[in-house]
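Asker: Sequence:
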Amino acid sequence: MSWWWAGAIGAAKVYGVGRRPRPNWNTDHPIEYIQCDISDPEDANTKLSRLTDVTHIFYVTWANRVTEVENCEVNGAMFRNVLHALIPNAPNLSHICLQTGTKHYIGPFEAFGKIKPHDPPFTEDLPRLNAPNFYYTLEDILHEEVKKKENLTWTVHRPDVIFGFSPYSLMNLIGTLCVYAAMCKHEGRPLKFPGTKAAWQSYSVASDADLVAEQQIWAAVDPYAKNEAFNCHNGDVFKWKHFWKILAEQFGIEDYGFEEGENLTLTELMRDKGDVWEEIVKENQLEPTKLEDVGVWWFADRMLGGEHLLSSMNKGKEHGFFGFRNSRISFISWIDKMKAYKIVP
Numbered sequence: 000m001s002w003w004w005a006g007a008i009g010a011a012k013v014y015g016v017g018r019r020p021r022p023n024w025n026t027d028h029p030i031e032y033i034q035c036d037i038s039d040p041e042d043a044n045t046k047l048s049r050l051t052d053v054t055h056i057f058y059v060t061w062a063n064r065v066t067e068v069e070n071c072e073v074n075g076a077m078f079r080n081v082l083h084a085l086i087p088n089a090p091n092l093s094h095i096c097l098q099t100g101t102k103h104y105i106g107p108f109e110a111f112g113k114i115k116p117h118d119p120p121f122t123e124d125l126p127r128l129n130a131p132n133f134y135y136t137l138e139d140i141l142h143e144e145v146k147k148k149e150n151l152t153w154t155v156h157r158p159d160v161i162f163g164f165s166p167y168s169l170m171n172l173i174g175t176l177c178v179y180a181a182m183c184k185h186e187g188r189p190l191k192f193p194g195t196k197a198a199w200q201s202y203s204v205a206s207d208a209d210l211v212a213e214q215q216i217w218a219a220v221d222p223y224a225k226n227e228a229f230n231c232h233n234g235d236v237f238k239w240k241h242f243w244k245i246l247a248e249q250f251g252i253e254d255y256g257f258e259e260g261e262n263l264t265l266t267e268l269m270r271d272k273g274d275v276w277e278e279i280v281k282e283n284q285l286e287p288t289k290l291e292d293v294g295v296w297w298f299a300d301r302m303l304g305g306e307h308l309l310s311s312m313n314k315g316k317e318h319g320f321f322g323f324r325n326s327r328i329s330f331i332s333w334i335d336k337m338k339a340y341k342i343v344p
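Taking numbering that gives the first Met the number 0, the leading residue of the sequence shown gets 0, the next gets one more, and so forth.
Honestly, the hints are just simulated from the structure, not real lab data.
Among the hints, a few may not be true.
As the list claims (entries may be wrong) - Below, computed lysine-lysine pairings styled on DSBU-like, alpha-carbon distance capped at 30 angstroms:
no. : residue 1 : residue 2
1   : LYS244    : LYS184
2   : LYS113    : LYS244
3   : LYS102    : LYS184
4   : LYS281    : LYS102
5   : LYS338    : LYS240
6   : LYS115    : LYS238
7   : LYS12     : LYS336
Claimed, not checked - Label pairs and their calculated CB-CB ranges:
no. : residue 1 : residue 2 : range
8   : GLU109    : GLU186    : 26 to 34 angstroms
9   : PHE321    : HIS142    : 26 to 34 angstroms
10  : LEU263    : ASN88     : 49 to 57 angstroms
11  : GLN34     : PHE323    : 34 to 42 angstroms
12  : LYS238    : GLU109    : 22 to 30 angstroms
13  : GLU186    : HIS142    : 28 to 36 angstroms
14  : ASP139    : ARG64     : 13 to 21 angstroms
15  : GLY256    : ASP139    : 29 to 37 angstroms
16  : GLU248    : TYR223    : 40 to 48 angstroms
17  : LEU268    : LEU151    : 42 to 50 angstroms
18  : THR45     : GLY304    : 37 to 45 angstroms
19  : GLY305    : LYS12     : 37 to 45 angstroms
20  : LYS244    : TYR223    : 36 to 44 angstroms
Treat the numbers as computed from the prediction; the structure is a model and nothing was measured.
Where a beta carbon is used, it is the ideal one built from N, C-alpha and C, also for glycine.
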């Protein structure tokens with residue numbers, strides 16, 4: 000499920016748009032849900048052009064394709080479909096928040112290890128890398144489209160690895176690690192760290208999903224934030240060797256850790272484990288899901304495959320955003336939410 004849309008800020012109507020039917024885990028959310036395929040220009044125009052009361056857009060969705068050139072084409076078209084349906088038809092539209100991420104500074108997944116990223120800490124004024132990147136495509140479209148409406152402003156938000164609750168997300172690290180831990184517990188296997196020594200012992204940062212939303216709401220209403228890009232992470236650092244103990248404790252696993260030289264990947268470890276996940280779902284009366292929906296193994300392998308590169312939060316503070324989160328508390332709270340909504344046992 001992709002949440003990328005809202006109406007006015009404050010005590011007002013909020014729209015949520017997703018391609019899938021509304022899931023059971025968010026039926027208590029106070030939103031007006033719209034099922035819409037924004038990759039289809041006709042569907043997007045039919046369902047979104049009628050939202051004439053929209054004042055703010057929060058765009059956070061994306062689609063994954065084989066190559067980054069394809070990502071640029073597909074994601075660019077999706078964003079255009081949304082803006083073309085709304086900018087001409089929402090007379091009070093005042094601001095657009097676009098969420099991208101730190102791949103702005105290190106390049107797309109396909110370029111990892113092939114191009115040199117910027118030297119961290121990353122600041123928002125660094126030039127673009129010489130490689131296709133759909134984040135750049137989205138920013139170009141944003142700048143082009145806002146010119147079509149007088150006084151329409153924008154902000155771009157670049158979170159790091161997001162800690163949040165997002166079943167079916169293409170980049171759901173918390174959910175993926177929870178599913179992996181649940182599988183290890185079920186099969187009586189040790190919870191081995193499926194990453195590199197560099198990832199295990201280096202400093203990392205994360206972006207709590209609520210903090211990212213908090214920054215975007217601030218940017219949507221604070222005049223000093225307008226027409227700027229902002230990094231967004233919790234403001235502290237952590238090490239996976241410490242958080243791995245927390246993950247093990249949350250799932251009652253005593254045997255855990257990192258073994259140098261094993262070169263484990265979740266993509267390999269979780270291959271052909273769909274039947275095992277079905278057993279776990281049935282035995283624990285969980286929300287019905289398929290393993291491929293909740294375990295994004297390739298993404299976790301990427302995130303745990305090397306030393307983390309850090310971003311600077313100075314610009315946000317200089318413009319008046321002082322939000323932060325304790326990453327340890329954030330990590331535990333999102334695991335708890337995965338359990339509370341019966342995604343994992």
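Asker: Give a verdict on every hint.
Answerer: Hint check results:
This hinted pair checks out: LYS244 and LYS184 have alpha carbons roughly 14 angstroms apart, not beyond 30 angstroms. Distance hint between LYS113 and LYS244 is unfulfilled; the C-alpha atoms sit about 33 angstroms from each other, more than 30 angstroms. Simply put, LYS102 and LYS184 have alpha-carbon atoms about 33 angstroms apart, too far for the 30 angstroms limit, and the pair is violated. With a CA separation close to 38 angstroms, the supplied pair LYS281 and LYS102 exceeds the 30 angstroms bound.
With a CA separation close to 23 angstroms, the supplied pair LYS338 and LYS240 stays within the 30 angstroms bound. Between LYS115 and LYS238 the CA atoms are separated by roughly 24 angstroms; this keeps the pair inside 30 angstroms, and the hint holds. The suggested pairing of LYS12 with LYS336 holds, with an alpha-carbon distance near 25 angstroms, which does not exceed 30 angstroms. For the pair GLU109 and GLU186, the supplied restraint of 26 to 34 angstroms holds, since their beta-carbon distance comes to about 33 angstroms.
A hinted range of 26 to 34 angstroms for the beta carbons of PHE321 and HIS142 is consistent with their spacing of about 27 angstroms. One distance hint, 49 to 57 angstroms for the beta-carbon pair LEU263 and ASN88, holds here, with the actual separation near 51 angstroms. The beta-carbon spacing between GLN34 and PHE323, approximately 35 angstroms, falls within the hinted interval of 34 to 42 angstroms. Between LYS238 and GLU109 the C-beta distance comes to about 28 angstroms, which sits within the given range of 22 to 30 angstroms.
Evaluation of the 28 to 36 angstroms hint for GLU186 and HIS142 yields a failure: the beta carbon distance comes to about 50 angstroms. The given range of 13 to 21 angstroms is respected by ASP139 and ARG64, whose C-beta atoms sit roughly 18 angstroms from each other. Taking the beta carbon of each, GLY256 and ASP139 are about 45 angstroms apart, not inside 29 to 37 angstroms as hinted. Hint check: GLU248 to TYR223, Cβ distance near 42 angstroms, so the stated range 40 to 48 angstroms holds.
Checked against the hint of 42 to 50 angstroms, the pair LEU268 and LEU151 passes, with Cβ atoms roughly 48 angstroms apart. Checked against the given bound of 37 to 45 angstroms, the beta carbons of THR45 and GLY304, roughly 42 angstroms apart, stay inside it. Checking the proposed 37 to 45 angstroms range against GLY305 and LYS12 shows it holds: the Cβ atoms sit about 43 angstroms from each other. In this structure the hint that LYS244 and TYR223 lie 36 to 44 angstroms apart at CB holds, the actual value being about 41 angstroms.
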